[in-house]
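Visitor: Fit the two chains together into the complex; they arrive one by one in their own frames, and the hints show the way.
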Amino acid sequence: MATDETFPLDPPRPRALPVPPPIGETAPARRILIGAAIGFLALVLALPLAGVFTEGLRKGLGAYLAAFADEDALAAIRLTLLVAAISVPANLVFGVAAAWAITRFSFPGKSALITLIDLPFSVSPVVSGLVFVLLFGANGLVGPWLAAHGLKVIFAVPGLVLATIFVTLPFVARELIPIMQAQGSADEEAALTLGADGWTIFRRVTLPNIKWGLLYGVLLCNARAMGEFGAVSVVSGHIRGLTNTMPLQVEILYDEYDFVGAFAMASALALLALVTLVLVTFLEWRYGDELAGRGH
Amino acid sequence: MTTMAIAAAPRRRPPLVTGILPGFGLAMGWTVVWLSAIVLVPLAALAWKASGLGLSGLVALLRDARVLAALELSFGAAFLAALIDAVFGLVVAWVLTRYRFPGRSLIDAAVDLPFALPTAVAGITLAALFAPTGWIGLLLEPLGIQVAYSRLGVVVALVFVGLPFVVRTVQPLLADLDREVEEAAATLGASRTATVFRVLLPPLLPAILTGFTLAFARGVGEYGSIVFIAGNMPYLTEIAPLLIVIRLEEFDYVGATGIACVMLTVSFTLLFAINALQAWASRRW
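Protein chains in written order, with this note's numbering: chain E, 1 to 296; chain C, 1 to 285.
To be clear, the hints were calculated from the coordinates, so they are not data collected in a lab. Take these hints with a grain of salt, some might be off.
As the list claims (entries may be wrong) - Here's a subset of chain C near chain E, in silico, CB distances under 8 Å, partners left out: (1) 27; (2) 46; (3) 75; (4) 79; (5) 110; (6) 112; (7) 113; (8) 128; (9) 129; (10) 135; (11) 139; (12) 163; (13) 223; (14) 260; (15) 267; (16) 268.
Just so we're clear, the structure is a prediction, and the values are computed from it rather than from any experiment. Don't be surprised by glycine CBs; every beta carbon is placed ideally from N, CA and C.
Pulled out of the complex, with its shape left as it was, chain C reads as follows (with noise of 0.2 Å):
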């Protein structure tokens, strides 16, 4: 092959594939095939019903109070609930990853849980201990706190999703921090409170902010853990994935793909973010 290459183009440019195991075409094929029609061509039936809509259409759409309150609804609670698994997700991770204490291995494999539990067990669950007769509603409900089929629910339930995004984006970065600028720190006459933030944080800022990124797209598409707990009141506790299913039920294919098309642009946009941000942290550290 060479000696024919050789003599037909001395020059020619390299090849596009390089590798000289065999099955390129077998494995690349069927990568292609099977990603075409289970991921591609399905969402391309979306992008083709949300082009019947227009753009007119998708703002018409997002004019009406319901989905707006939806929408509304879905990013605010998946903030509010990614802030909150920032902040403790970075505790649980410092814990997990600076201390030895009994039961830390078994606490640091429980952290995945949530990925783990299916989304609907985590729903009736979390509404369940959180209903009035709840464990937790229960020492809630003098204190006048409801959080069952109000928008705290809403977030409780994120905070269950979210958490081991943080924990498993951080954890790593955390265990290899160089000790020796904790020291230089320490040495330089820094408190422990000033070297934490003014040096251990700043360099785990990125993978905190990957964390939190993660957890808010989760959130912001999160159907099973919410729709138990919320009690799905239109206008106040209707999340946006729920919306659509209504609206299937309704038949109205064409409002269900203009709020699919509203989160599939956000969450592809966060997507880019992450790899821009993990790209950009890569760089810098």
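Looking at chain E on its own, in the form it has when it is part of the complex (with noise of 0.2 Å):
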């Protein structure tokens, strides 16, 4: 091995391997390819992330500031809250149900099922968005009908609300199910030996059970819900202070050369997507083991 050995029947031990490891890469190699990675992804990441703060703080705090105390800009997150407010809770009861339904009992056509949930995720934002108007546009399959009835979807909220609950449906069951599949229900068919009925079995053996499992995908949801644009932009019809989420008003005001006022708008968003990274990392680190058996 090492040249320089006078004792060979007792080598001192060494500090540092003199030879790179036979299964590892060797030093100037390993720091190659680490330096590659974290160059692209700062380049790709960090950077980014620098300069949405960079350009909302470029006319200074005072600018910055004066863009959330615009009236339609407050408008727009006052609808944002609204939205992911109705979407976040009907997607986490469609969730939980689904993911009772497909982990609890087996039935025919279960695989059908989970990758009928998932197909919101391989639909284009845009599509999601236009199948909606072509159901209750003007002249959509049940526009007039609604018309008649004074009933506006497209270009209203309810619009908004329901692209943003079809791009947002699979988070919480996807987290959920399987979960509850590497769980098994040994633990609530106990509970119903021991005479407990389905809600207390849900709410006292279930829920503590998958309550991380249960929030990881919630913040998912939310961010997704807060930050979607190409679904709602195509329901919304862009009436300021009316049907504009923040992400709309970003783009209105980047196309009106308000940068600054974008861009803080866009910080605020950015913000709650590094609060939900955070949030994400501390349940991955703290509860790891109750969230093995997710799959992404």
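Guide: Below is the structure:
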């Protein structure tokens, strides 16, 4: 191995390996790979993130904060919160129901059902909005009927909510199904034999087991619901103060060359993304075992 | 119940639904109702609108040069971006699973940023960075490379959006790889390069392909992160989802539906391909 050994029968214990381990890369190769990975990620991830805040603060903190005092900006923030407040709980209920049916019972067509739940992920956001225009728009399938009854879905809040629910539908179910599958139903069946009713079983046995996975799914669902752009863009109609969510407000301000306003609003959304990432990473670190069944 | 069942039909078929816990009707009922109302009925509306177009109409639509250029750009740029993501995603996944260095877990968490960052935010930021006056644009301008408002800009945006797909599909597999296989290759005298390319990469290939396909499928439909950086010139830098939006603004519902149908057909084929690929991979390894 090393050539300067004088007492081969009693070699001094080397402090570091003198030759690279046979199954690892050499130190220079390792440094190049780490450098390439970090360089690429800095270019692709860190720079854009730094860019959002720098552009927003370009004209100082005063201009940055003033962008949030604008009436339309406040309306956009309120609308985004409203849309998320409806669509996230709706998909939370759906996700729990779907996971309960899929993981606690066996029935024909289960894998087809799982594929259907995943479907919105493989549909372009623009198409997700389009389908609701074709259904509820002025020339749509039920649009004329809605118009006759004075109901407005497209270019109004209900359309925004529907499109958001569509694109965020899989999030909670996708988190819960692998977790509940991995945990099995032995705990619930034990509770059943002890005489607990369905609601009690869910609340006292299932919920404590899945609460971190549930929170994980809700965080991702909420981030997408608040940040969705393509789908809501199609159904919104871009009416200022009425149907503009935060991402749509970003677009309008940007197109009007109000870059400070656009990036200020964008930085609020970027902050939401960062908070989501931090919370999700914390959950993975702290409750990794309970989330272990999760597959991305 | 069981005694009655035995008395009535001693050799009846096994029940369709098995499981002793309560709540199947409610859970399954709500799942089906919600899924139908939100996903299936709206997608059926798309199929209904497309059926008005007919096959000949669809073919005629695909002969339209502007539609063709948009579809070409969306698919071509998504393919190229997915290819770049596959290469760099593999390097990132390798570095994150194999090496320990300061800041590793921070970087590991940051890989998910494109999942969490709203596409419009990514879009305006990339446009600002790559504009001739932006941080990166300033560096590229003397070299004569223009990223913003060109087809290259579309690829750059899609590389950002698709990266986590490759990293997150390859990472778990890479972590599970048996180190003994590498040790065996090394003891048999294989060089490190040979070990990496002929022993380690083959079992990773299905995961890389799955990540590639996911990134590609996402890229084909991507809208928000592209429209700000692309410049949106018809025939040149106009992506297919944008053309759908434009057709809708012109109240050309049929035209919009036609483009959407082509994109959906490809997406669903890809989804099917991914599932087949994973089934094949899980059988093989």
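Visitor: State for each hint whether it applies.
Guide: Taking the hints in turn, this is what the structure says about them:
1. 27: This hint holds: residue 27(C) lies near chain E, its Cβ roughly 4 Å from the closest one there, short of 8 Å.
2. 46: holds, 5 Å
3. 75: At 12 Å from the nearest chain E Cβ, residue 75(C) fails the 8 Å test, so the hint is violated.
4. 79: With Cβ-Cβ at 16 Å, over 8 Å, it is violated.
5. 110: Status holds, d = 5 Å.
6. 112: holds, 6 Å
7. 113: holds, 5 Å
8. 128: Hint holds; residue 128(C) Cβ to chain E Cβ min 5 Å, cut 8 Å.
9. 129: Holds - the Cβ of residue 129(C) comes within 8 Å of chain E, reaching about 5 Å at its closest.
10. 135: Check passed: Cβ of residue 135(C) comes within 7 Å of chain E, closer than 8 Å.
11. 139: Because about 11 Å separates residue 139(C) from the closest Cβ in chain E, which is outside the 8 Å limit, the hint is violated.
12. 163: holds, 6 Å
13. 223: holds, 4 Å
14. 260: holds, 5 Å
15. 267: Nearest chain E Cβ about 5 Å off; hint holds.
16. 268: holds, 7 Å
The earlier numbered hints that this structure contradicts are 3, 4 and 11.
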